Amino acid sequence: MVVEQVVGASLYLVLPLVLFGYWVTMYDARVGGALAGYALGVGVGLPVSDVAALGAGVALAAVFAGVAHYEDRFGWAVVGGATGLLLGGFALGGVTTVTGAGAGLALAVVLGALAWKFPRGTLPLATGVLGALLAATAITAGGDSSGGDLTNVAVTAVVLGGFVALMIQPWTAELGDSVPPLLPLRVRNWFDLVPEGGVEDAVCPNCGQRVDPAAPYCGNCDASLAGIVGPADGATGDATETTVTDVPDDAVAVDVPCPECGDRPIEEAATGVGLVGMLLAYRWSSRTVVGCHQCNRSRLWGLAGKNLLLGWWSIASLFANPFTILWNLGRGAVNRGPSTKLARTLAESGVDFQYLADASEFDASDYGEHELLKRGLLRLGVAVMLADGNADPTEAAAIRDHALELFPDADRNELQERVTEYANGTTNAAKVADGLEETLTRDGRQLALRFAAQVAVADGDVDDAEAQLLATIADELELDDGAVQDAIGSGVSTEAAPDPAAAM
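Counting with our numbering, you get residues 19 to 522 for the letters of the sequence shown.
If you are wondering where the hints come from, they were derived from the structure by calculation, not from laboratory data. There could be a bad hint or two in this list.
Claimed, not checked - Derived pair list, reagent style EDC-like, types lysine to aspartate or glutamate, alpha-carbon separation capped at 20 Å: (1) K359 / D46; (2) K135 / E89; (3) K135 / D46.
Just so it is clear, the structure is predicted and the values come from calculations on it, not from any experiment.
Starting from the given sequences, assemble the full structure and let the hints guide the process.
Structure representation (structure tokens):
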């Protein structure tokens, strides 16, 4: 009885899949993958029994979420594949028949490949159809048709689900400006959906194709855009190179010092999971650490030790904690080297870099202390300066001077050159802040907001646009509403600001 009720309630997943499928999958591929896996499991198992449907749904949800956790594109592909498998199977007698399974597998390969390569063109339709297929499953399982054949009503549901998804999902994709948009740039401009500072002639710095300034990645070559707004008026010099996310096969590191030890180059980005049990509740957190493998391993194993002490003290965490410990230990033991995740994390944090084929070529003495943090703050400061499209000399000088206060060992001329260089490159404060949020501690995020605020007030006034920009930065850094006023009045002097060593 309970199983039947759970399976019946799961059919309400039609709504998030049809209305928000693209946004959910692009925002977190693990969630989209889990939804697709559950829908596929229910679709395959429901004609057999409710128990089979629930078991298959939960199992496939876990598998698909795990696949998506490894790489977002895998998550996109399994969503397309699940839709193809279920649709092909229904069309030709059911997934359990030879013809249905063959058609489903063939269609799964096609839709999975399309979702991998063209997620913006495939995922809205795929998730809409997948949601409708849940309804089709219920209709065929409860009706007279055998083998899972599509009835006329089910065909109507699938067509209607795809149509509604194509009509609604381009608008739900605009939620929070957190996923690549589906609406054409001209339409987004009509409804003022392009963020402040966006331009209509933005191009990808890697392939040169026209792009939407709000998109995080180029739809043509997948290079990280970090929010293109184009060169600022009054800036000079050559544009900085934006590193593409295609990692060379021989790359072993990047030319940025590890923020932990400062002696070795950054080799990888790794995500650790923290879990604290609190009797009836628990707190789950994840954090991306960027650095050399030795330092990342130490930090992840340290997190596993904290979970070992603090992760058992609630009913839910009692079952989840062994997996978090094993994850942190296993992830810390393996050096994946430079990856797409590392490239995107650095690019979105505003950090320019080049790949190294030989880590021994790296000389830490060529770089200042806290190099990663310094580059990220400079990029954020420049993005704030360029919010109105102009490179203001007063704000440019403020960026340099505030950076010198935080990093007294930095070279003044080198800082000035970076400010000029960044002013001609990819700049969008919200995107840079979003990237920094993933790599900085709370102290580091507060420091970043204070740095941005001091650039904004360098001309002696904070207008409405600058106040709104600072509020957006605070949101992206996951700081509360009062953080902006605190940042404006706090300054970034070494006496008042958090220690940069505590920022990463």
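task: Would you pick out the hints that fail for this structure and give their numbers low to high?
output: Those not satisfied: there are none.
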